[in-house]
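Chain S is already provided as a structure; the job is to place chain P on it using the hints.
Here are the chains, one letter per residue:
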Amino acid sequence: YAWDANEEYLFKAMVAFAMRRYSSKSTTQISNVLLCNVTDRVSFWFVVTDSSKNVTTVPGSEVEAAIRMNRNRINSAFLLSDKTLQFLKITSTLSPPVEPSTPVWLIVFGVVLCLIVAGILLLVVAGIRQGKTKNKQSTERENLEEKGEVAVTVENGIPCEALDLKAGHINGVFAADDERFTSL
Amino acid sequence: LAVSPEIPKEDGRPKWDNKFQYILSCIGFAVGLGNVWRFPYLCQIHGGGAFLIPYFIALVFEGIPLLHLELALGQCLRKGSIGAWNTISPYLRGVGVGSWMVSVLVSLYYNTILTWVMWYFINSFQEPLPWSVCPLNVNRTGLNEECYESTSVNYFWYRKTLNITPDVTESGTLQWWLILCLAACWAIVYLCTIRGIETTGKAIYVTAIFPYLVLTIFLIHGLTLPGATEGLVYLFTPNLNTLKNPRVWLDAATQIFFSLSLAFGGLIAFSSYNPPKNDCEKDAVTVAVVNCMTSLYASIPVFSVLGFKATTGYWDCLDRNIIRIINEFDLPEESIMRQNYTAWISFLNSSYPEKIDGLKLKSCDLQEFLDQSVSGTGLAFIVFTQAVILMPGSQAWAILFFIMLFSLGISSMFGNIEGVFTPLLELQILPKSIPKELLSGIICLICFLIALCFTLGSGSYWIDIFDSYAGSLPLLVIAFFEVIGVAYVYKIKRFSKDVKWMTGRKPNLYWQITWRFISPLLLLIVFVAFVTLQIQKPPSYAAWNPKYEGFPMKEEKVYPPWVQAICVLLALLPCVFVPLAALFHLIKQMRRRKDLSFVPSEVFSCQGANS
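Going line by line, the protein sequences match chains S and P.
Take 1 as the starting number for the first sequence in full-length UniProt numbering and just add one per residue.
Take 1 as the starting number for the second sequence in full-length UniProt numbering and just add one per residue.
Just so you know, not all the hints are guaranteed correct.
What the hints assert, rightly or not - Heads up, simulated DSS-like pairs for lysine-lysine below, C-alpha to C-alpha not over 27 Å straight-line: (1) S:132 to P:547; (2) S:132 to P:432; (3) S:134 to P:202; (4) P:15 to P:506; (5) P:547 to P:557.
Claimed, not checked - Covered stretches of chain P, going by a simulated chain S footprint (3 or more residues, C-beta under 8 Å): (6) 123 to 131; (7) 188 to 201; (8) 322 to 334.
What the hints contain is simulated information worked out from the structure, not anything from laboratory work.
In this text, all values refer to a predicted model and were calculated from it rather than measured experimentally.
From the three backbone atoms N, C-alpha and C, an ideal C-beta is built for every residue, glycine too.
Pulled out of the complex, with its shape left as it was, chain S reads as follows (with noise of 0.2 Å):
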């Protein structure tokens, strides 16, 4: 927006305003309130005078403290903040970072943790259980092979009964080999 007459009306009213809340006498007017030097930067000196007290003007310590205390009032009726609406001499105060109650990185940390400790429990039980099943079917297999043989001849632990059923058939591959081979 452009800075005008109405504007510059405005922030007569707010210093009134601000004065007011200070000092919480409802003497001072927007008439009080005088404007020198305005640049087209849109820079300006400005004084408040005490018409109750013979047209003085009362101290820049007073009109910095007002000023201060109502600083954001001021901001938001320009819709401005305080990077871009400088008082020079006056420092703004600082507001503290919001900070939580727990840190919200421990939150993440407390879900990253558990994930990592749930997955190294879910490998170890696994592995724990393949080994009892390896264990059991190797006591099996073992049970099976001295039970074996005592009923049944066993040859490298398949029953030799397995095996002469497979002795009848011709294995094709060995038998293209041993025609390769020219006889001596």
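Same frame as chain S, but now just chain P:
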């Protein structure tokens, strides 16, 4: 032979589920943090596109031959590094022990870097990002002094993360938040390496492929950022004059060497789980080419983002100057814009020179911003985090970036841990009844406890020491002895026969020449040049000292003698095993000859072991 149907092992050795897993593991091991934060930096300082010339020459004459050698060795001998070198020749057992030692030392500090990445990752879930704002000082009148003088990003890194001490001799205290993250990192490593390659093979699908996805996302986003083109042009403009500087060739050779993760023993471990008849020549070329392409591919988003950051910094500088000029001359708002800044400045300088001088304007030069080259942790934790703040949706970009760094690092950690785990498994330190899970758990626990030293206040100085001395020089020595050992002790003819048995074709002239002459010669030259450069200046480091006059510049300090002694020890410890083991074996042989019950050592060959 009783064949149990469930377990797919013929000689009791675990196997890769498929070839893709193996290739991916090798690529993941080779592609690490260095591809993202060291290669772009080297490209930048060594004349942009011109750096690619020595880089590719080093790749062809040093990288690929050594890689093929290691993969073929592991595949043929089917043992980890210690066992493999013991089989080649008992005198060369020291080479295996040396590379095992280096893997141990590197695993210790590498995971601490991942701890820092994890810390940043879990801090990226906040709004606003914690490294974008400075905290207030004690009485809330202004910003924290250390943060105000440097930047909020620097403050978060040096104070909130590392809590760094001003000197390497001051150890400071253990930082509990880093200990938590370190425990989490080692737990992740344990989770993925719990049963050796059975588990890493599954994990590698995610950790090796995910970084490429993120790099692509960053590439697309980075190219849309303002100033990206300036960054890219700056990176790739070739300056052929730099090739006259021998430093450039040395950096190219060392970068290729360390980038491919040679001489760690991890590659030998990975290929030892392969079936013996596997084309290791093609694998080697594939892994090396993918690694180099990844380096190039990663440098594009990195430099787009750096160009964006430089442009934003330049614009900020201009804007600050413009505000001060407008305030001084009471000009209307928006009369001076960035485009007509130079015209205005020249006009005002000619009409009101004293006023302009009184303002003490900072000269804004885009080149100066682009020239601020950083590599290593500085790139990731300071420069990139600063750039991320400037992007819209910074939380998402920060999270993506740090997950990518974590995946890159963890897949390299898998290779390191495999290099430690496999030889220990073969040496049968623990009795067979104790499961593999316990051995990997013990390794991870011991490494975690030792790595607690790196969470002290001076931890990052120690990591720099480990990185410069344990992770550089011994590798060159071990690789040199690897090539010499295979070429002249095992003899290239035997090796070529073995490779022919495995791949089906004899290694051609290129391999013969590089294995016999070029690679050992190159390694020797690189080693000598490296040592010469190190000796020339006393080892110093840059300390972060808030009380230094030149703060926020870092203070250059020299290492005290006891730290220098540790540096030398770190560099020598793995190398000393090579002659020591040879000597040990020589004494054993001489004693055996005296006994007269001398059994001649068997001649070994690939076919003999696997028939």
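Tested hints:
Taking the CA atoms of residue 132 of chain S and residue 547 of chain P, the gap is near 63 Å; set against the 27 Å cutoff, the hint is violated. Taking the CA atoms of residue 132 of chain S and residue 432 of chain P, the gap is near 16 Å; set against the 27 Å cutoff, the hint holds. Of the pairs offered as hints, the one joining residue 134 of chain S and residue 202 of chain P holds, with about 22 Å between alpha carbons and a cut-off of 27 Å not exceeded. Between residue 15 of chain P and residue 506 of chain P the alpha-carbon distance is near 26 Å, which keeps this suggested pair within the 27 Å criterion.
Between residue 547 of chain P and residue 557 of chain P the CA atoms are separated by roughly 14 Å; this keeps the pair inside 27 Å, and the hint holds. With 3 residues having a Cβ less than 8 Å from any Cβ of chain S, the stretch 123 to 131 of chain P passes the three-residue criterion, so the hint holds. Given as covered by chain S, the stretch 188 to 201 of chain P passes the check, having 6 residues with a CB less than 8 Å from a CB of that chain where 3 are the minimum. Look at the stretch 322 to 334 of chain P against chain S: 6 of its residues bring a Cβ nearer than 8 Å to a Cβ of that chain, three or more, so the hint holds.
The structure shown violates just one earlier hint, number 1.
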